[in-house]
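Based on these hints, arrange chain B on the given structure of chain A.
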Amino acid sequence: MKGKITMECKKVKEKLSASIDNELKDNDRQKIEQHLANCPLCRQEARFLSLAWNALEVWEKIEIPDNFEVRFWQRVREREPKKLPIKRLIRRIVEISVPAAAVIILVMGLILGNYLGNYLGNILYPIETKLSNNKVISLEKKDILYLDNFDDLPPESVGNVYISLVSQKKEGY
Amino acid sequence: MILDPDIKLMLEFIEGDISAFEQIMNKYKEIVINIAYRFIQDRSTAEDIAQDVFLKIYNSAKSYKPKARLSTWIYKITANICLNELRSQKKYLKNISMDEIGETRDFIQTNPFENLEKKELKHLVKEAIDSLPDRQRMVIILKKYEDLSYQEISEIMGCSVSAVDSLLQRAKQNLKNKLAPFL
Numbered sequence: 001m002k003g004k005i006t007m008e009c010k011k012v013k014e015k016l017s018a019s020i021d022n023e024l025k026d027n028d029r030q031k032i033e034q035h036l037a038n039c040p041l042c043r044q045e046a047r048f049l050s051l052a053w054n055a056l057e058v059w060e061k062i063e064i065p066d067n068f069e070v071r072f073w074q075r076v077r078e079r080e081p082k083k084l085p086i087k088r089l090i091r092r093i094v095e096i097s098v099p100a101a102a103v104i105i106l107v108m109g110l111i112l113g114n115y116l117g118n119y120l121g122n123i124l125y126p127i128e129t130k131l132s133n134n135k136v137i138s139l140e141k142k143d144i145l146y147l148d149n150f151d152d153l154p155p156e157s158v159g160n161v162y163i164s165l166v167s168q169k170k171e172g173y
Numbered sequence: 174m175i176l177d178p179d180i181k182l183m184l185e186f187i188e189g190d191i192s193a194f195e196q197i198m199n200k201y202k203e204i205v206i207n208i209a210y211r212f213i214q215d216r217s218t219a220e221d222i223a224q225d226v227f228l229k230i231y232n233s234a235k236s237y238k239p240k241a242r243l244s245t246w247i248y249k250i251t252a253n254i255c256l257n258e259l260r261s262q263k264k265y266l267k268n269i270s271m272d273e274i275g276e277t278r279d280f281i282q283t284n285p286f287e288n289l290e291k292k293e294l295k296h297l298v299k300e301a302i303d304s305l306p307d308r309q310r311m312v313i314i315l316k317k318y319e320d321l322s323y324q325e326i327s328e329i330m331g332c333s334v335s336a337v338d339s340l341l342q343r344a345k346q347n348l349k350n351k352l353a354p355f356l
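If you read the protein sequences in the order shown, they are chains A and B.
Residue 94 in the numbering used here is what sits at position 94 of the first sequence, and the numbering runs on without skipping anything.
Each position in the second sequence, counted from 1, maps to that position plus 173 in the numbering used here.
Next comes chain A alone, as it looks inside the complex (with noise of 0.2 Å):
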């Protein structure tokens, strides 16, 4: 077909689209239907897009599936939060809190065990030092601090030998 392509054919185009769709002012459509009777080009252009257009109907609708609406409210009380049974709540309660509260009483026992323990180990056996003065008191363990507590002396120091000494003195030698 023989055509020039001008600045009107390219806006003519651009508007080709709408004009299917019935979109254009009037002012427009009019515009455009002039041109389109003056210009073989752009009227070969909207007859295949309108060609293409029109070929989308042959595409048909599917049908809704007969258990749609079925599907669709399982999956809501799928979703939905269950809200149990009273009696099924209390006897959930009872269930977590015997255990626990076993757990808490057990804990506690041992803790307060320990503390008595030392209370009364320190009155029934006190652990009674002579001072210099001759006089005797009672020490609670927490007081004292055992020699077990401290690091080995060195075997060459001045304090391993002075205990060495005093050792050997006493059983004797």
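Hints are computed from structural coordinates only; laboratory data are not their basis.
Treat the hints with caution; some may be incorrect.
Restricting the straight-line Cα-Cα distance to at most 25 Å, the calculated cross-link-like pairs of lysine to any residue (SDA-like) are [claimed, not checked]:
| no. | chain 1 | residue 1 | chain 2 | residue 2 |
| --- | --- | --- | --- | --- |
| 1 | B | K349 | A | E57 |
| 2 | A | K25 | B | S339 |
| 3 | B | K292 | B | D215 |
| 4 | A | K15 | B | P354 |
| 5 | A | K15 | B | S335 |
| 6 | A | K61 | B | E290 |
| 7 | B | K295 | B | S217 |
| 8 | B | K238 | B | I180 |
| 9 | A | K61 | B | S327 |
| 10 | A | K11 | B | Q324 |
| 11 | B | K299 | A | W59 |
| 12 | B | K249 | B | A336 |
| 13 | A | K25 | B | T245 |
| 14 | B | K249 | B | S261 |
| 15 | A | K15 | B | Q342 |
With the C-beta cut set under 7 Å, the calculated list includes, among others, these residues of chain B facing chain A [unchecked claim]:
| no. | residue |
| --- | --- |
| 16 | E203 |
| 17 | Y210 |
| 18 | K291 |
| 19 | K295 |
| 20 | K317 |
| 21 | L352 |
Covered by chain A, according to a simulated footprint, are these stretches of chain B (three or more residues, beta-carbon under 8 Å) [what the hints assert, rightly or not]:
| no. | region |
| --- | --- |
| 22 | 218–227 |
| 23 | 338–344 |
The C-beta atom is built at its ideal place from N, Cα and C for all residues, glycine as well.
Chain B in isolation, oriented as in the chain A frame:
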């Protein structure tokens, strides 16, 4: 001011009337499933998408505020779920190769358009739509099969009317290029 009857139903549903929701679902289920089917081109997935759309409507009742027509809102939910589904499936456009066009063109030359069976044309149409980028595909479906205005489509797609026009121009050009050899 006359209230959109669908918005009235939605408000009744929010008040606790389940039958109002059922009426909404009855009215829109065919529309929703067909938009999904034409977009995804898989019946099973389209049904799942339609279920998701109505679940979203059902669960959004408490936060629903009637700003636009209910149909616009439903279309918007449908379009968004379809677009997300396509992205999650990581479906890429299938470009019809020149060899395929050549073979089909040879077929058409010896078999004029009038002899092209409806089934074959439907297949070509499906492939042509499937080859479109996702947003072009959606506007084509909303315009051609739902006959919505550019203004309505712009509200659904969340873009301007001129953007809808531009998308449709490009989509139609692409469809023309795919289908013209057979028309």
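Against the structure, the hints come out as follows:
Of the supplied pair hints, the one linking B:K349 and A:E57 holds, its CA atoms being roughly 14 Å apart against a limit of 25 Å. Under the criterion of a C-alpha separation no larger than 25 Å, the hint pairing A:K25 with B:S339 is consistent with the structure, at around 17 Å. With a C-alpha separation of about 17 Å, the suggested pairing of B:K292 with B:D215 holds against the 25 Å cut-off. Between A:K15 and B:P354, the direct Cα distance comes to roughly 23 Å. Compliance with the 25 Å bound is thereby established for this hinted pair.
Among the hinted pairs, A:K15 with B:S335 is consistent with the structure: their alpha-carbon atoms are about 11 Å apart, no more than 25 Å. Of the supplied pair hints, the one linking A:K61 and B:E290 holds, its CA atoms being roughly 18 Å apart against a limit of 25 Å. This hinted pair checks out: B:K295 and B:S217 have alpha carbons roughly 19 Å apart, not beyond 25 Å. Restraint check: the Cα-Cα separation between B:K238 and B:I180 comes to about 9 Å, which is no more than 25 Å; the hinted pair holds.
For a cut-off of 25 Å, the pair hint linking A:K61 to B:S327 stands: about 24 Å separates their Cα positions. A threshold of 25 Å between alpha carbons decides the hint, and for A:K11 with B:Q324 the separation of about 22 Å falls inside it, so the pair holds. Between B:K299 and A:W59, the direct Cα distance comes to roughly 8 Å. Compliance with the 25 Å bound is thereby established for this hinted pair. The hinted pair formed by B:K249 and B:A336 meets the criterion: a straight-line CA distance of about 16 Å does not exceed 25 Å.
Between the alpha carbons of A:K25 and B:T245 the distance comes to roughly 24 Å, so the proposed pair stays at or under 25 Å and holds. For the suggested pair B:K249 and B:S261, the alpha carbons sit about 18 Å apart, so the restraint of at most 25 Å is met. For the proposed pair A:K15 and B:Q342, the alpha carbon gap of about 8 Å is at most 25 Å, so the pair holds. Here the hint on B:E203 is kept, as its CB sits about 6 Å from the closest CB of chain A, short of 7 Å.
Against a cut-off of 7 Å between C-beta atoms, the interface hint on B:Y210 holds, since the closest Cβ of chain A lies about 5 Å away. Interface hint status for B:K291: upheld, as the beta-carbon distance to the closest one in chain A is roughly 6 Å, under 7 Å. Taking 7 Å as the C-beta cut-off, the interface hint given for B:K295 holds, the closest approach to chain A being about 5 Å. Proximity of B:K317 to chain A holds as hinted, the smallest CB-CB distance being about 5 Å (cut-off 7 Å).
Given the 7 Å rule on beta carbons, the hint for B:L352 holds: about 5 Å separates it from the nearest Cβ of chain A. Only residues whose beta carbon comes within less than 8 Å of a beta carbon in chain A count, and the region 218–227 of chain B has 5; three or more means the coverage holds. With 3 residues carrying a beta carbon less than 8 Å from a beta carbon of chain A, the region 338–344 of chain B meets the three-residue requirement, and the given coverage holds.
Checked against the numbered hints above, the structure violates none of them.
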